[in-house]
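Peer 1: For reference, the chains in residue letters:
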Amino acid sequence: MGTAYTPGLKVSPGTVIRKQRRLPLKGKVLVDVGDRVAADTVVARTDIPGIIQTVKVAEILGLEPQEAIAALQVKEGDEVVAGQVFAETKSFFGLFKSECKTPFTGTVELISNATGHVGVRLPSKPVEVTAYVNGVVAEVMEDEGVVVETYGALVQGIFGVGGERMGKLTMGVSSAGAMLTADCISSEHAGAVIVGGAGVDLAGLRKAASVGAQGVVVGAIVDTDLVGYLGHDIGVAITGHEDIPTTLILTEGFGSIAMAARTFDLLKSLEGRDVSINGATQIRAGVIRPEIIAPLDAKPDQVAEWAQGQILDIGTHIRVIREPYFGRLGEVTKLPPELVEVESGAVVRILEAQLDGGETVVVPRANVEIIEG
Amino acid sequence: MADINSILATDCGSTTTKAILIEKQGDEYRLVVRGEAPTTVEAPFDDVTVGVVNAVREVEELAGRRILDDAGHIIIRDAEGADGVDMYLSTSSAGGGLQMTVAGVVKAMSAESAERAALGAGAIIIDVIAVDDGRKDYEKVKRIRELRPDMILCSGGTDGGTVKHLVELAEMLVSADPKPRLGIGLRLPVIYAGNKDAREPVKEVLDDRVDLRIVDNLRPTLDRENLDPAREAIHELFLQHVMQQAPGYGKLSDWVSSGIMSTPNAVGKIIQTVAEQMRINVLAADIGGATTDVFSVFEGTYNRTVSANLGMSYSICNVLAEAGTSGIARWAPFDVDEAGLRNTLRNKMIRPTTIPQSLRDLRIEQAVSREALRLAFEHHKTLARSLKGVQTVRTVGEIMDQKETGATLVDLMNLDMIIGSGGVLSHAPRRTEAAYMMLDAYQPEGVTMLAVDSIFMMPQLGVLSTVQPEAAAQVFERDCLIKLGSVIAPVGKMKPGEIACSVNIDGAVHNVPFGSLKLVPLSVGEVREVTIRPGGKMDVGAGRGRELTTKIEGGAVGVIIDCRGRPLALPDSAPARIEKLREWHAALGLEVE
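Going down the list, the sequences are from chains P and Z.
With numbering that gives the first Met the number 0 applied, the first sequence covers 0 to 372.
With numbering that gives the first Met the number 0 applied, the second sequence covers 0 to 592.
Simulated from the structure, these hints should not be mistaken for laboratory data.
For glycine and all other residues, C-beta sits at the position ideal for the given N, C-alpha and C.
One or more of the hints may lead you astray.
Covered stretches of chain P (chain Z as the covering partner; in silico rule of three or more C-beta atoms under 8 Å from a C-beta of chain Z) [what the hints assert, rightly or not]:
1) 170–183
2) 246–255
3) 312–324
4) 360–366
In silico SDA-like pairs for lysine to any residue, Cα to Cα no more than 25 Å straight-line [claimed, not checked]:
5) P:Lys-25 <-> Z:Lys-163
6) Z:Lys-141 <-> P:Ala-70
7) Z:Lys-141 <-> P:Val-79
8) Z:Lys-135 <-> P:Asp-312
9) Z:Lys-178 <-> P:Gly-162
10) Z:Lys-163 <-> P:Leu-121
11) P:Lys-96 <-> P:Ala-70
12) Z:Lys-536 <-> Z:Gly-564
13) Z:Lys-178 <-> P:Pro-48
14) Z:Lys-141 <-> P:Asp-77
15) P:Lys-74 <-> P:Pro-48
Chain Z is nowhere near these chain P residues, computed Cβ spacing over 10 Å in every case [unchecked claim]:
16) Thr-14
17) Val-28
18) Arg-35
19) Asp-77
20) Val-84
21) Glu-127
22) Ile-157
23) Gly-162
24) Arg-164
25) Gly-211
26) Gly-230
27) Gly-239
28) Leu-334
29) Glu-342
30) Gln-353
Based on the sequences and whatever the hints tell you, model everything.
Peer 2: Shown next, in the form of structure tokens:
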């Protein structure tokens with residue numbers, strides 16, 4: 000036994016999925032525990048208060064702060080409209096008058112004696128949270144949101160871009176090793192989540208976006224194609240907020256890597272189903288992985304616990320995830336316990352594996368991940 | 000406190016949790032064994048203590064004795080106990096660190112002092128707001144809202160100075176109505192460390208709206224900084240608010256014998272101790288997966304910066320974005336396919352715990368590290384500087400040197416030691432590689448000692464130094480600090496091939512031509528007095544063209560005479576550059592691929 004890289008990614012044909020749907024600020028929850036909700040049902044709503052705009056009354060009227068406050072014609076809590084006279088002063092026996100008008104519509108929230116400034120809070124903006132997946136409200140967090148529970152298939156990717164989307168899952172290629180190219184995509188894919196195999200190129204992504212596909216799920220992408228699609232480079236692996244028409248989820252990595260057979264076969268079995276996807280990824284503490292969720296019709300009486308199966312043993316099927324054998328599949332043949340020096344000079348725990356081409360190689364254990372046979 | 004004979008200390012990094020066991024052997028404390036395991040703050044574990052237990056289990060196996068009880072808890076032994084340890088300590092940087100916004104009145108003065116205070120307390124600065132930062136009020140308000148910092152440090156005005164601007168800053172915070180990143184419904188902690196005369200009016204504006212703490216002014220007069228009260232308040236709030244939110248920290252807090260310390264704080268502590276005890280100027284870097292921290296002590300002034308998005312795994316693609324593929328490829332002693340390089344680095348980002356198997360892959364990773372270290376150092380130089388706005392009486396010499404207030408404190412010619420820490424330096428398969436990376440990234444000038452943290456344990460020793468300073472000092476000196484050897488690097492430029500410096504070591508004269516490197520064997524602990532004769536107008540510390548008699552010391556690598564010139568210029572054309580890099584690798588006894 001030993002340690003393989005464990006991204007902890009779930010690929011499950013049937014599991015209980017709970018999604019927390021939370022408002023950014025406290026607000027109103029619109030559903031009750033037990034309610035059936037669709038992915039696009041609004042479950043909670045709030046108003047995000049507008050920002051406060053400062054009107055520098057003292058400076059505008061050329062007065063000391065205390066004098067400016069004395070000249071005010073509004074008090075805290077008053078509603079004001081743009082153009083309304085805020086403060087007025089008369090001088091020279093009332094012959095000359097200077098006035099200060101508010102350029103903003105909103106509510107007077109702050110009157111500062113120290114500065115002679117008045118803060119006007121702009122009108123609030125409504126924010127809604129949807130259920131995201133078809134399911135049942137399992138829990139209500141008072142004033143904050145809900146937990147939606149569903150039974151369904153769950154596939155977690157390793158990296159994604161773009162936010163939450165819903166669509167019908169459609170296979171774009173027939174094998175896990177095939178590339179999703181522009182030729183595979185047509186207007187019939189409008190609103191769909193298209194599954195490719197080993198990867199998608201830039202033209203394919205642009206075609207998917209142009210026909211109105213909601214998402215693309217593939218094994219890998221060449222980095223320059225991703226940058227081309229986004230229009231900018233990605234520095235830190237915190238994604239999900241990109242302004243892109245089609246969410247992209249990678250199940251394996253960068254370059255050209257066939258989608259794991261188990262993942263591909265599971266997605267194929269879900270063809271035609273409504274799925275919810277999210278490309279949001281955060282590869283740091285509090286990790287977030289992109290996901291594809293396909294709610295299923297009936298939950299069996301007993302749901303098998305999802306087994307990670309992350310124990311390395313003789314015969315375990317692995318994929319090498321680093322050069323010089325990057326992307327190659329194989330089977331573990333030896334697990335020597337002692338530390339071994341590899342070519343780079345690093346002294347590490349290794350394994351021996353027979354790769355799919357027949358050759359036997361030595362690989363650091365940290366550089367493989369376990370895949371289903 | 001009873002006799003402390005056995006100490007266990009862990010550091011929970013963003014990628015790896017490291018555990019060390021220190022024991023008293025005779026009269027001195029020594030490192031016994033070290034274990035490590037992946038950090039477990041994410042699914043499926045969501046509990047930092049799982050990684051701690053895994054790392055301690057490795058320590059148990061290697062030390063051949065029991066430290067964990069059957070329930071997987073660390074045994075703190077009583078007087079007669081054979082199992083367990085006498086003390087358990089921990090540091091942590093997992094959980095995303097402390098993210099702060101700092102605000103001040105004048106960007107180059109109070110806001111900059113606030114920035115230094117926050118960085119020194121171990122924070123990552125996500126925005127610096129100042130009355131004169133050029134942004135409109137509504138833009139600042141929008142920014143505060145979007146960023147959702149863990150806390151805000153508000154400063155400005157010397158004591159007795161402006162009140163109005165501070166009230167304006169407070170009003171702006173009210174406008175933004177900021178919410179903390181963690182914990183919906185909680186009030187955002189705000190530390191006020193500005194003009195004491197503005198405390199009451201600021202309190203009036205902020206008191207009911209945020210969790211306000213008032214501490215002494217961090218810039219009471221223009222020529223004085225008083226950063227410690229603000230730093231202490233930050234640290235206290237960090238422990239109360241932020242660390243508690245990270246999965247498993249509550250449990251870990253119950254296990255430790257003394258408070259959990261943030262990793263950068265702990266490293267800063269040990270660096271300051273080294274500088275003080277050895278009376279030297281020190282520069283240190285801790286390059287991690289997500290961030291690179293840089294610490295310096297020049298003439299007793301301590302500075303720390305964190306480059307939050309420069310690191311070797313999670314943040315590796317940010318190094319790529321900042322340096323560009325050509326910036327990284329320029330350090331590789333072979334042709335690099337740029338598209339392939341991008342894919343390789345992206346794959347490292349998404350699978351951060353993989354390690355280089357081939358020599359070529361290692362050279363690429365070390366090329367990235369040079370850029371990460373260099374960029375973080377550039378950042379450090381801009382913040383580690385003298386106070387701006389201070390009126391000083393300058394000598395004619397200083398005027399000629401164009402020294403001014405606000406100049407960087409980092410003076411490479413007067414730097415005595417560079418200490419490298421973090422996986423890529425501490426675990427470099429060959430110590431020469433660590434020296435070479437630091438040489439390229441920092442380009443030390445004159446005579447400088449290079450050192451590494453042997454197995455990456457400065458954080459643990461930092462926290463230990465707060466409770467057992469003697470044990471920390473002994474282990475640091477004997478087991479942690481590995482001296483690699485002195486570097487002699489003349490500053491200036493000459494024609495290639497001309498002798499840039501001559502050094503007589505043990506009767507052998509080493510004439511090193513410009514554009515080349517030479518490694519002279521000299522073992523650990525060997526000290527020699529040498530006379531260095533610079534060629535032409537080169538400067539080794541005594542002035543241009545002047546010879547210098549000084550002491551040099553050997554180390555795990557030896558003495559490196561670096562006559563590649565300062566600033567180091569690589570040939571523009573790829574074939575010429577590769578040829579030069581291969582020559583330098585060979586001079587240091589390193590293979591290329």
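Peer 1: Are any of the numbered hints broken by this structure? If so, which, sorted upward?
Peer 2: 1, 5, 6, 8, 22 and 29
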